[in-house]
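*Asks:* Spelled out from the first residue to the last, the chains are:
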Amino acid sequence: MTSILECRGLTKVYGKVIAVNNVSLGIGRGETKVIFGPSGSGKSTLLRCLGLLEKPTKGSIYFNGVDVYASKQDLNKLRARIGFVFQDPSLFRHLTALGNVMLGLKHVLGLSDAEARRKAYEALKLVKMEDWANYYPAQLSGGQQQRVGIARAISMDPEVVLFDEPTAALDVELKWEVIAVMRDLAERGTTMLVATHELRFAREVADEMIFMDQGQIIEAGSPDHFFTSPNTERARKFMAKILG
Amino acid sequence: MLFLLDYSTFIISGFLITVEVTLIGVGLGLILGILAALGDIFGGRIVKIIVNVYVEFFRGSPLIVQLFIFYFTIPMITGVSMDVMVTAILTLALNSGAYQKGYLKGAMEAVFKDQLMAALSLGLPMWKIFLYVVIPQALRIVIPAWSNELASMGKSTTALIVIGVREFLNTGISITAQTFRPLETYAFITITYFIWIYSMLKALDILYNKVKIPGLEPII
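Quick note, the sequences are listed as chains A and B, same order. Read in this note's numbering, the first sequence has 188 at position 188, and its numbers run on one by one without any break. Read in this note's numbering, the second sequence has 37 at position 37, and its numbers run on one by one without any break.
Hint data in this document are derived by calculation from the structure and do not stem from the laboratory. One thing to keep in mind: the hints can contain errors.
[Said to hold, decoys possible] Straight-line distance between alpha carbons at most 20 Å, and here's what the computed EDC-like set of lysine to aspartate or glutamate pairs gives: (1) A:77 with A:6; (2) B:113 with A:74; (3) A:237 with A:224; (4) B:128 with B:109; (5) A:55 with A:74; (6) B:113 with A:54; (7) B:128 with A:113; (8) A:119 with A:67; (9) B:128 with A:74; (10) A:77 with A:67.
[Said to hold, decoys possible] Some, not all, of what chain B presents toward chain A, calculated at C-beta under 10 Å: (11) 114; (12) 116; (13) 119; (14) 120; (15) 122; (16) 125; (17) 128; (18) 133; (19) 136; (20) 137; (21) 140; (22) 214; (23) 215; (24) 216.
[As the list claims (entries may be wrong)] Simulated DEER-style distance windows between Cβ atoms: (25) A:139 with B:56: 35 to 43 Å; (26) A:214 with B:206: 55 to 63 Å; (27) B:155 with A:73: 51 to 59 Å.
For every residue, glycine included, the Cβ atom is placed at its ideal position computed from N, Cα and C.
Full structure from sequences and hints, please.
*Replies:* Listed below in C-alpha cells is the structure:
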C-alpha cells in the first residue's frame, strides 16, 4: 500500500538529547496505526515532525510520495491536509467551540462564513458536540474540549489525522468520551496515527501497533502479536506494566 | 468660579489639546508597543537589542527630559526642528509604547505558548495566526493594564508645559496669571482632570466587560 505520510531515517535532536533516532514508518490510506511506549520515548516528537510542526534534524518526510522538505513545498498548505490533535486540546480561548472549528475552514480553506458554519456544525455533530457549539473552551470539560479539538482537525478533511496522546490529560470518565469518538473515526475509515497508552483502544482498532523506546522503534506488529507474544523483552515488560 | 466662564473658549481649547495628545499618544503607543513586542519575541539579536534599548531609555528617564531631548537637543544636532504638537505627540507615543510593549509581550507570549502549534497545525500562516488568534486575545488580556496607561498618560500630559504646549494645565496657569485666583482655577482644573480620567476608566471597564470571555482573564 502506498503511504500517504511516511518518514525515512527521521532523527530529531534537541541539544545533546536524541529525541527520535533514525525512525522509518509509513501510514497508508484508511489505516489506523498506534504508537505506544513509555513517556519520553519520542512519540510526541515523532508526531510533531510528521505533522510538519517541527523540522527533523535528519531524514526525510514524504507526503503522498513527495519529499516535503527537499521539494520545498508550502508547509502551510501541507499542514492543512494533516490533522493534528494535541494532548492538551489547545483550543483558541477567545472563540466558541464553533468558532474554533470555523477558523481554519474560513482562513485556510477560504470557505464562506455560511459554508464554514455548516461544515463546522457537521464536524461538531460527528463528535457529539453540536449542542455545545456556542460555548467557550473554559465552559467545557476536558473531554469536551478534546472532542472540539478533534472536530477542528477533522473538519478540514485532512488525508491523515495524527493524535498525540489525546486522552493523557483526562480522567477515566472523560477519557472514554474521547476514545469513543476516535473509535468511531477509525470505523469510518479515517487514516489515523495515534500515540496512546490506551491499549484496549489499540487492540480494537489498530491495523498495526508500533512500540517505541528511547527514540527508536523497538518492535511493530499486529495488536494480536503484542497481546500474545511480543518479540522483545522491553515490549513484553511494557505491555505487562500497562495491562497490569 | 463663575469668572472662569470668561475664559471658556481658552479652557475648552486647552482641555481638547490634552485629550487629543493623550488619545493619539496612547493610540500610537499601542501600535509601537505591538511592533516592539513582536520584535522582542521574533526578532533577531540586533532587533531585540534595539527594542530593549528603546524600552529601557523611555522607561528609565523622566518624561520631561525626553521632551527636552526631542524639542531642543535633537533639532540642535540635526538642524531640523519639529512643530511643538508633533514633538509632544511623538514623545508621548514613544514613552507610552515602551510601557505598552511590556504588558503586550507578556500577553502575546502566553497566547503563543498555548496555541501556536494548534494554529500552525491548521495551516494558518504566521500573519493570520497573529491577526485571528494572538491579537484578539492579547488585547482582551491587556485592557486592565491599558486603563492604567491611559490614566497615567492623561496625567503625564501636564509635563508638556515645559515645551510650551497650550494644554489644560497651561491654560490654568495663564488664567491664574491674569486673574490672581489660583484656588478656584486649580480646583476647577483638578476636578476636570478627575472627572475626565474617571470617565475614561469607567468607559474601559464597560468595554472590558463587553468583550470579556470566560476563561480569558488578565494574567498580568
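*Asks:* Going through the numbered hints above, which ones does this structure break? Give me the numbers in ascending order.
*Replies:* Hints 2, 8 not satisfied by this model.
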